[in-house]
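Engineer: Throw the hints in and build the complete structure from the sequences for me.
If you're matching them up, the sequences are chains A and B in order. With this note's numbering applied, the first sequence corresponds to residues 1 to 458, in that order. With this note's numbering applied, the second sequence corresponds to residues 1 to 458, in that order.
One should not assume that every hint holds.
As the list makes no split between identical chains, a pair holds if one copy fits it or if it spans any two.
[Claimed, not checked] With a cut-off of at most 20 Å between alpha-carbon atoms, the simulated EDC-like pairs for lysine to aspartate or glutamate come out as follows:
| # | residue 1 | residue 2 |
| --- | --- | --- |
| 1 | 57 | 430 |
| 2 | 307 | 285 |
| 3 | 307 | 119 |
| 4 | 57 | 119 |
What the hints contain is simulated information worked out from the structure, not anything from laboratory work.
The lines below spell out each chain.
Protein chains: 2
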Amino acid sequence: MSTDQVIAELTALLGQRITQSPSELELHGASETHFPLMPPDAVVYPRDTNEVAEIVKISARHRCPVVGWGTGTSLEGQAQALRGGICVDFRDMNRVLQVRPADLNVSVQPGVTREALNDELRATGLFFPVDPGANASLGGMASTRASGTTAVRYGTMRDAVLGLEVVTAKGEIIRTGTLARKSSAGYDLTGLFVGAEGTLGLITELTLRLHGQPEAIASAVCAFDTVADAVATTMEAIQMGLPIARIELMDTDSVSAVNTHSGSALPVKPHLLLEFHGSDSAVAEQSAFFGEIAEAYNGAEFQWATKTEDRTALWAMRHNAYHAILHARPGARAIVTDICVPISKLAEAIDETRKDLADAQLMGPILGHVGDGNFHAILLIDEKDPDEVARANAASQRMVERALALGGTSTGEHGVGLGKLGYMQAEHGDAWAMMGAVKRALDPDNIMNPGKLVPPTN
Amino acid sequence: MSTDQVIAELTALLGQRITQSPSELELHGASETHFPLMPPDAVVYPRDTNEVAEIVKISARHRCPVVGWGTGTSLEGQAQALRGGICVDFRDMNRVLQVRPADLNVSVQPGVTREALNDELRATGLFFPVDPGANASLGGMASTRASGTTAVRYGTMRDAVLGLEVVTAKGEIIRTGTLARKSSAGYDLTGLFVGAEGTLGLITELTLRLHGQPEAIASAVCAFDTVADAVATTMEAIQMGLPIARIELMDTDSVSAVNTHSGSALPVKPHLLLEFHGSDSAVAEQSAFFGEIAEAYNGAEFQWATKTEDRTALWAMRHNAYHAILHARPGARAIVTDICVPISKLAEAIDETRKDLADAQLMGPILGHVGDGNFHAILLIDEKDPDEVARANAASQRMVERALALGGTSTGEHGVGLGKLGYMQAEHGDAWAMMGAVKRALDPDNIMNPGKLVPPTN
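Structural biologist: Written out as C-alpha cells, the structure reads:
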C-alpha cells in the first residue's frame, strides 16, 4: 500500500476537501468512550456519491483502508482507523433528498442527522422515530444498527431502512431495496448493510420509513422503591402487549447524576421514564393500564407531562444521562456496556449485574431501554489505575457472558466495533466464520474498515 | 455427480425414509401454478437437524443438488428440482419445540405449518400473525419471505423471524440471532436466510416472534362502485396511519368467482375486506374512522363480523379466492402475478393493469394485500392455446415493468423461484451480481437449490 500515492490521487480529485491536519486526524481517530487514539492518514469530505465511488476506487487500487465517518458518536470505536487509511467524513453529504409523505418515507444522504431530519419533517406531520440519544448521522445509525428509546414501539434501524445506495469495496454504486413497503425479490442486501459497520461498503443514500406524528403523546416519570420493582413493571407491560412508545430505566445512581447535571429534582430512587403515542383515547387507556401495573409494584409519584416543552425537557434529561454520569466522576473514562436479554431474563440480568459491580467495587450506574431487554452499565474508570481498569474489563466481560448464557446478545444497539469484537466467536459460533465468508466475497482485499466485525484474517 | 452413489449413501443413512417412487417424485416436482414438472431424483424425510446435516454432507461430496420442501404451496416453482437431485421434505420435522410466552416467541421445526402453530398457541393467549393464505410450512414461509393479509399490521417473515438454525452448504449446523428482541452484533444472517429460497442452506429450526391475541377483533366487508374508490379508501387509511390489521381488495371478477365457489352472496362489485385488532375502544375508534373514509368514496353495504365463526368464514372465503378463481375457468392454469408498488402508486398500477388485461383479452381477476401496495392478477390461461399463453406472459412482464417503473418490486411476497428470475437484473441492477457473490461465498459448489434466485453461473 502506498498511502502517499493514494493521498496524491485524492488531492487531485478533491482539492481542498482532503486534509492531513493533525487536529483533524486526531478528531477522526478519537473515541467517544475509552479506546485509544487511532487516526487515519487523511480525511476526505466528498460532496456526492460519484466522489465517494472515486475515493473508494483510488483506495482500492492501492489496497488502502477506507473508514466511514458520520458524527463520531459511536461508542465501540467503530469509526476509528485501526489500520490508518482514508476516513470518509460525510459532513457535506447532508441533504434531505426527497420526502414522500404519501408513501411515508424519505430519501436522505448519510450525513443528515436524525434531529436535522425531524426538523425538516416537522411541517409534514411525519417523523422519524429511531432515537439513540446522540444526534447521530443516519448513515452511521444504519451502519451500527442503532436503536434507542423508541425501538420498543417503532423498531430499530433494521426496521427503519427501506433501501440503500451503497458504494461497494470495488467503488461500484449499487441500490438495494425499492420504494415498495415489502418485497420478496432475493437476498435482503439492505439488511446485510445495516449493521455492517462499513465493512462491506459505504452507505451513500438511505430511504427511511416514516410514521405519522401521533395525535396525542403523554410522557411520565414514575419512581420505584427498587430496581426490581421497576423491572417487574416493565416486563409485565411488555408481556401484556401494551404498545408503549418508550420505557426507560434509570437506577438510583443514574438519577443522582442526572439531578446534579441537569438540575432536575427527581426523588433519588430508581425511575421509569415512559411515553405513550396514539389517539387521545388510546393514550389515556394505555396510561391508565400502565398505572395499574406500576401500582401493583409500588410505583409512586407518577408525574405526567403532556405539554411539548415538558416532554422535551424530560427526554433531554434522559439523553444527557450519559454525560451526566461521566461528570459524576470527574476525569473518568467510560466503558459502556450494552447487553440485551430476553425480557423474561431482564430482572435476573440487572440484579446479577448490580451485585457483580458492587462486589468488584466499581462505579457503574445502570440505565437502559428496558422494554427491549437492553440496558447499559456505564463503568466509570480511572485510566491511570490499572487494577480498576482490569476489574472493569473483567466485569464487562462477565456481563456479556451472563447475557449470552441467558439467550441474549453482547450488544443490543451499540454494535461490535473494537469493544465487542472479542465476543463474536462466543456469541455466534460457526456463524461468525460465515460472516467472514460474506466479508471476503464482497471485500476480498479487506479495505473497508479492516480489522472490525469479522474474524481476523491478516 | 454420481446420483446413484448419493442415493446409496442416503439409503444407508435413512433406510425407508428415502424414496424414488414415481408418484412421490412427481408430487415433489410439481408446481402449484403453471410451471412444468421438474422432479428430483429422490425424496428424503429427515427426522432431525443432524440427519439434515448428514444429507447435505453426502450430497455435497458428490456435488448433488439439494432442494428443500415444505408443503409445496409456493407459487413460483421455488421447490421444483430444476436440476434433479435430492428433495429434503421436512414433513417429519414438524414439532413445536418451545413456546416462551413471557418472551413472546416460539421455536419450531421447519415442517410446522402456520395453522398447526396457531392451534398449539391457542391456549397461551398468543398467536403467530403471518398469513399467506395457504397453510404453508414455517420453513417455507421463511425461505420465500412470505407475508399475506396481516403484513400491513404485523410485518412479513422478515419481521417475524428472530433467529434460525441452518444447515449450510457444507453440512455444518449454525445458529443465527438470539432470543433477545434486538441485537447489533454483526451481519444480519437471519435476514440473509429469510427469502433466500434455500439457495444458501436449509432452515432446520426457527424462532418466531409472537403477538398477544387482541382483546377485540372486528372484521368487515365493504362494497364500492369502482376499484378506484376501494383503492383510494385504502391509500387514505394507510396514509393516515390507521393501524388496520388486514385490508384486502377483491375486484368484481374475484367476487363473482368467490360467490360461485364459496356460496357467498356478496354484491357483484369491488370489495374491501377488513380487520381491526385492539382493545374494544380502539377497535371501535378505528372502525368508525375507517367508515368515514370509506363513506367519502361511496363505500356501501358495510357488513361487520365480530363473532369468531363469521370472521372465520370471511377469511376462509378470502383464502379460497385463488381456488375459486381457478374454478372460474375449468381446466385453466394460472400465472399468478405479484407486484408491489409504493402506496401512492397503487391506484395507477391497478388501473393500468386492468386496462392492459382487457386490451390483451385476458381473464385476470385482481385481488391483493392493498395496504402494502401488493396485488395479484390471476391470469387464467388455456395451456393448449400458445397465443393466449404468449399474451399472458407478455402481460405479466408488462406488470413487472410497470411496477419497477413506479419504484416497486416484481414480487411482493411470492418470491423469485422460476417465475421472477428473469426480472432480477432489471430490478436489482448491479446488486444482483452482489447476490451472486454472496451465493458463491456460501455455496461455492452451487448445490443448494441450483439455478434459482442468483445470476446463472453454469
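Engineer: Taking the hints in turn, state whether each one holds.
Structural biologist: The hints, checked one at a time:
1. 57 x 430: between (32 Å within a copy, 16 Å between copies)
2. 307 x 285: within (18 Å within a copy, 24 Å between copies)
3. 307 x 119: Only inside one copy: residue 307 and residue 119 sit 18 Å apart there, 46 Å across copies, limit 20 Å.
4. 57 x 119: neither (35 Å within a copy, 55 Å between copies)
In this structure, only the earlier hint numbered 4 is contradicted, and the remaining ones agree with it.
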